[in-house]
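**Q** Chains A and B supply the protein sequences, listed in that same order. Under this note's numbering, the residue at position 115 of the first sequence is numbered 115, and the numbers go up by one with no gaps. Under this note's numbering, the residue at position 59 of the second sequence is numbered 59, and the numbers go up by one with no gaps.
These aren't lab readings, by the way, just hints derived from the structure by calculation. Treat the hints with care, as some may be off.
Derived, one-sided and incomplete: chain B residues facing chain A with beta-carbon distance under 7 Å [stated by the list, open to error]:
#, residue
1, T124
2, E125
3, G129
4, E131
5, M133
6, A134
7, V135
8, H139
9, V238
Every beta carbon over 12 Å from chain A, so not counted as near; a handful from chain B, in silico [as the list claims (entries may be wrong)]:
#, residue
10, L7
11, S92
12, A123
13, Q126
14, L130
15, D196
16, F256
Glycine is no exception: its CB is placed at the ideal position from the N, C-alpha and C atoms.
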Amino acid sequence: MNRHSAPIDTLVRIRGLKFYRGSRAIFDGVDIDIPRGSVTAIMGPSGTGKTTLLKLIGGQLTPDAGSIEVDGQNVHALSTSQLYRLRMRMGMLFQSGALLTDLSVFENVAYPLREHTRLNSSMIRKLVLMKLEAVGLRGAHSLMPSELSGGMARRVALARAIALDPMMIMYDEPFTGQDPISMGVLVQLIRRLNDAARITSVVVSHDVAEASQIADLIYVISDGRVIESGSPKQLRDSGGEWTRQFIGGLPDGPVPFHYPAPDLESDLFGDPK
Amino acid sequence: MDWLARLGRSGLSFAARLGRANLLMLGMLRGLPQMIRRPRLLLEQLLSVGVLTVLIIAVSGVFVGMVLGLQGYYILSRFGAEATLGVMVAASLVRELGPVVTALLFAGRAGSALSAEIGLMKATEQLSGLEMMAVNPEHRVLTPRLMAGIISMPLLAAMFSVLGVYGGWFVGVGLLGVDEGTYWAQMQSQIDWSDDVLNGVVKSVVFGVVCTWIAIFQGYDCVPTSEGVSRATTRTVVHSSLAVLGLDFVLTALMFN
């Protein structure tokens with residue numbers, strides 16, 4: 001499963017996770033293990049709560065039942081200061097990039113360093129330029145976020161996420177809305193950062209091809225449950241109807257093409273109500 | 001019974017919002033030590049919340065003072081009391097119009113901008129991003145804005161009143177021929193430092209707290225969509241204006257018996 005012979009222990013352990021929005025169950029008894037040093041993809045159709053899962057792991061949301069342990073610490077049993085200390089070792093790449101729009105690219109990447117370290121400005125400058133070099137945007141350090149393309153913004157956000165050398169990075173739909181070149185760059189960056197810095201990566205995505213390309217392990221979730229898990233090859237060979245529909249991008253199957261509706265004939269020719 | 005259920009839901013929703021607003025205020029107050037250690041955060045917000053509101057306050061203050069001069073002269077001259085024009089202009093401004101009109105203009109200019117800025121930061125996940133960088137957005141983003149509003153409001157109200165007095169002077173003395181010495185001397189003798197000026201300052205501080213708190217809460221609590229931000233901005237102006245006018249009555253009743 002792990003291509004690079006990293007010690008196989010679990011960095012994130014989720015057990016019996018239940019989370020509701022109103023009466024709707026987003027997660028209804030989810031168990032997930034994310035191995036240390038691996039790229040783990042969480043996949044599923046839109047609206048299945050993939051982003052919610054990342055927010056639960058990061059402690060931004062609280063589960064209704066179950067536990068989430070990160071590096072042996074139960075995230076939701078921590079005090080605020082302990083949670084913040086844990087978050088300093090976690091990076092998160094938001095779908096929108098979430099760059100601070102009033103700061104330049106350089107200042108965005110320097111932000112966590114200025115907030116959490118006492119490094120002098122010369123050291124911060126060197127570190128920021130190194131992080132930007134890693135994502136190929138050292139030359140763009142003086143630009144403002146409004147001057148960046150979507151792909152560049154995500155790469156800057158990635159540089160910011162790795163500024164404090166975290167033990168894990170969570171990627172929220174990193175490939176959505178990207179042109180093929182930006183997508184290729186992001187795919188390569190995620191894998192390269194994972195391997196070079198021995199970071200654990202959690203990629204939430206519904207882009208099957210890209211996620212399969214870099215993931216060591218894939219969890220497929222739908223209707224609040226883990227439908228299937230395994231390596232990309234195992235999932236491709238899966239006999240599960242649902243997984244085959246999702247991986248193959250088939251328009252109809254267990255997930256129906258039609259939204260539930262009354263009979264077409266009665267809808268067209270019956271009494272309008 | 002539907003109306004009863006709706007009433008109950010509205011009551012519960014209002015109580016929940018009030019609770020969240022109070023928790024937010026507590027959270028912001030906890031950020032004060034951090035802000036004191038990093039005064040640059042406050043200075044940046046004083047610029048955007050306070051300094052950038054100066055122009056509209058200054059222009060409005062002059063015009064309100066000029067109108068007071070005209071109206072005051074018109075009424076007072078009927079009783080031969082135009083010599084007291086300076087007192088009337090100054091008392092109106094220092095006691096009521098200075099704090100109240102400044103607060104209303106502040107809600108429209110700075111309050112709406114604060115709500116929109118914070119709401120957009122929420123909608124674009126910047127606040128979530130800060131949380132995930134182990135930075136408390138209440139302390140880092142909101143506390144400096146709250147304090148900038150509280151500090152700016154009395155200064156802006158004072159500026160409004162001073163410029164209004166000069167607006168009244170320009171019309172009364174410059175255009176309508178009221179004696180300049182009488183204008184200033186009557187004002188000096190009749191306007192009391194604690195009854196008038198200090199009470200006006202207290203009012204403007206209270207309005208500063210309320211307007212900025214409402215603006216920040218509406219932005220922070222908004223639905224993170226463009227429609228949600230738009231509603232939050234509107235609610236900021238409406239709620240702030242109503243709160244200022246209502247509180248003005250209460251404070252006036254308490255201060256002047």
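**Q** List, from low to high, the hint numbers that the structure doesn't satisfy.
**A** 8, 9, 12, 13, 14
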